[in-house]
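Let the hints inform the model, and build the full structure from the sequences given.
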Amino acid sequence: MNTLLTETRLNLTFFKGLDEDNKEVFATRQIRNLREDASSEALHAVATAMASLTQDQLVKIERANTYEILA
Numbered sequence: 001m002n003t004l005l006t007e008t009r010l011n012l013t014f015f016k017g018l019d020e021d022n023k024e025v026f027a028t029r030q031i032r033n034l035r036e037d038a039s040s041e042a043l044h045a046v047a048t049a050m051a052s053l054t055q056d057q058l059v060k061i062e063r064a065n066t067y068e069i070l071a
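Residue 54 in the UniProt record's numbering is what sits at position 54 of the sequence shown, and the numbering runs on without skipping anything.
No lab work stands behind these hints: they were computed from the structure.
Some hints here could point you the wrong way.
Keeping only pairs whose Cα atoms sit at most 20 angstroms apart, straight-line, the calculated SDA-like set for lysine to any residue is [said to hold, decoys possible]: (1) LYS16 x ILE69; (2) LYS60 x ASP21; (3) LYS16 x LEU58; (4) LYS16 x PHE26; (5) LYS16 x LEU5; (6) LYS60 x ARG9; (7) LYS16 x LYS60.
Below you can see the structure in the form of structure tokens.
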């Protein structure tokens with residue numbers, strides 16, 4: 001059985017603050033249609049550059065790959 005990489009995206013999670021119940025609030029932003037051969041170092045650089053343009057604290061960077069399973 002083979003797989004085919006169909007999508008690579010970058011998920012950035014930001015800390016937005018506390019709600020009225022004093023619970024942490026997070027927001028996730030996705031960057032889609034990334035080059036499949038983008039290195040982790042390049043994605044980290046993009047994520048930190050984008051985070052520097054916001055007032056929110058970047059707390060997590062995730063790379064998500066989607067694969068199609070071929071029969």
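Against the structure, the hints come out as follows:
For the proposed pair LYS16 and ILE69, the alpha carbon gap of about 37 angstroms is over 20 angstroms, so the pair is violated. For the hint linking LYS60 to ASP21, the alpha-carbon distance of about 23 angstroms lies beyond 20 angstroms, and the restraint is violated. Restraint check for LYS16 and LEU58: satisfied, since their Cα atoms lie roughly 9 angstroms apart, inside the 20 angstroms limit. Of the pairs offered as hints, the one joining LYS16 and PHE26 holds, with about 5 angstroms between alpha carbons and a cut-off of 20 angstroms not exceeded.
The hinted pair formed by LYS16 and LEU5 fails the criterion: a straight-line CA distance of about 33 angstroms is larger than 20 angstroms. A C-alpha spacing of about 14 angstroms is found between LYS60 and ARG9, which places the hinted pair at or below 20 angstroms, so the restraint holds. For the suggested pair LYS16 and LYS60, the alpha carbons sit about 13 angstroms apart, so the restraint of at most 20 angstroms is met.
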